[in-house]
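*Asks:* Produce the entire structure from the sequences given, and follow the hints as far as they go.
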Amino acid sequence: MSTTMTIPESALDPFSDAALADPWAIYRELRDVGPVVRLPEYDLHAVMRFEDVRRILGDWQTFSSLSVGLNSVFNEMAGQSVDTNLLMASPPQHHRLREVFGADLAPRRLREKVEGFVVERADALVDELVERGSFDAVNDLARPYVMGIIYELNGLPESGRDRFFEWAGAMFNALGPMNARAQQGLQSVGEMFGWLHSQAGRDQVTPDSWTAHIYDAVERGAIPGATAHELLSTYIAPALDTTTHSLGWAIKLFAENPDQWHALRDDPELIPGAYREILRIQAPVHHFGRRVEEDVEIDGVRVPAGAHLMVSYASGNRDERYWERPDEFDITRDNTRQLAFGYGVHACIGQGLARAEGHAILAALARRVERFEAGDGTPFLNNLVHGLDSLDVRVTRG
-6 MSTTMTIPES
4 ALDPFSDAAL
14 ADPWAIYREL
24 RDVGPVVRLP
34 EYDLHAVMRF
44 EDVRRILGDW
54 QTFSSLSVGL
64 NSVFNEMAGQ
74 SVDTNLLMAS
84 PPQHHRLREV
94 FGADLAPRRL
104 REKVEGFVVE
114 RADALVDELV
124 ERGSFDAVND
134 LARPYVMGII
144 YELNGLPESG
154 RDRFFEWAGA
164 MFNALGPMNA
174 RAQQGLQSVG
184 EMFGWLHSQA
194 GRDQVTPDSW
204 TAHIYDAVER
214 GAIPGATAHE
224 LLSTYIAPAL
234 DTTTHSLGWA
244 IKLFAENPDQ
254 WHALRDDPEL
264 IPGAYREILR
274 IQAPVHHFGR
284 RVEEDVEIDG
294 VRVPAGAHLM
304 VSYASGNRDE
314 RYWERPDEFD
324 ITRDNTRQLA
334 FGYGVHACIG
344 QGLARAEGHA
354 ILAALARRVE
364 RFEAGDGTPF
374 LNNLVHGLDS
384 LDVRVTRG
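Reading the sequence shown from the start, the letters are residues -6 to 391 in my numbering.
The reader is advised that the hints may include incorrect statements.
Straight-line Cα separation of at most 20 Å, SDA-like style, residue types lysine to any residue; simulated pairs [claimed, not checked]:
1. Lys106 - Phe94
2. Lys106 - Gly214
3. Lys106 - Pro200
4. Lys106 - Asp201
5. Lys106 - Glu124
6. Lys106 - Leu146
7. Lys106 - Ala205
8. Lys106 - Glu145
What the hints contain is simulated information worked out from the structure, not anything from laboratory work.
Bear in mind that the values here come from a model prediction, so they are computed numbers and not experimental data.
*Replies:* Have a look at this one:
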């Protein structure tokens, strides 16, 4: 005879400043409370364990992405154009949206058209920074590198370049629970939509760029009723923030674990696994939301239809029930199931580009740098994104 547990509650706050800066102790406590934990302050049900997170991400029918944000204001606003929103749309509409972006983001297309360009950008920037000897790993390396690639591939006007990291962070704040960060984020997201609408029109973007290809798809009716700026808004923010923060963490992790850096330099074939390990142990995006469509049991806990879940990719990536030594940075471990890019139909559509960018930077650094010395860094406080706002680093050539 099976027993169904009631949903426990917790007063822990994963969105306080202290938790956003260093969330791992709270995540562990929430995992230990139960498979599903109600956070009454935010009217959310937190799912923090690896297998539960993966199951939810793989079942879009039961766990709807219509509540991908952690507050109702964002979900209601974004839901007005759900058929053009990659984060919220369900199959078959979601498949049609992915096909529009997939033409440029498909693995073969990336290999043929993008990887060489990405490697050239990485080599040139790393050459310059290593020559200097010391630099800010976030503001001198990660941000300009990722922004330069995204901006050129998308052919966007220069007038928005200085605002896009702000807007990307605002998008992820707006997706969080309705706190002060979310309120400010919603306002800034409105500014981003205004800029895309007025400054990124068909005749304002570079011909044959990725943005131009989106206009082509809209004009041929591939996405009925869609506008190009709606489509753009749902993938540019993740494209910027995910890779940028993973590269900042990469430098810090290798500075703290020089044995792992030496292993990578000795065997560059470890680079793909090393990048996955960076994403596992310091996932850039920590949570997304889901809505329960029907009464369901999650690891023995009965969850009612209508419950709003906070599905924590980052906590799952450090769940001691699944990972051995989850808090240890080990680039040789089997980490292919890490959750930083999600899983299932809503897995990150830009993960191929992110990997190409990350691999290129690691390879460029491995050819030139023997050792990193890094400070503690300044945390980037955001409702959903976990990263560094700055990180001073000194490199030893070798």
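*Asks:* Is it true that the CA of Lys106 sits at most 20 Å from the CA of Leu146?
*Replies:* Measuring from Cα to Cα gives roughly 10 Å; hence the hint holds.
*Asks:* Under the criterion that the straight-line Cα-Cα distance not exceed 20 Å, is the pair Lys106, Glu145 satisfied?
*Replies:* holds, 13 Å
*Asks:* Is the Cα-Cα distance between Lys106 and Pro200 20 Å or less?
*Replies:* holds, 15 Å
*Asks:* Going straight from one Cα to the other, do Lys106 and Ala205 come out at no more than 20 Å?
*Replies:* At roughly 16 Å apart (the allowed maximum being 20 Å), Ala205 and Lys106 satisfy the hint.
*Asks:* Given the hint that Lys106 pairs with Phe94, test it: the Cα-Cα distance must not exceed 20 Å.
*Replies:* Given pair Lys106, Phe94 holds - Cα atoms ~15 Å apart, limit 20 Å.
*Asks:* With the threshold set at 20 Å, check whether the alpha-carbon distance from Lys106 to Gly214 stays at or below it.
*Replies:* violated, 26 Å
*Asks:* With a cut-off of 20 Å on the C-alpha distance, tell me whether Lys106 and Asp201 pass.
*Replies:* holds, 12 Å
*Asks:* Measure nothing beyond the straight line between the CA atoms of Lys106 and Glu124; if it is 20 Å or shorter, mark the hint as holding.
*Replies:* With Cα atoms ~29 Å apart, Lys106 and Glu124 exceed 20 Å; violated.
Checked against the numbered hints given earlier, this structure breaks hints 2, 5; the rest are met.
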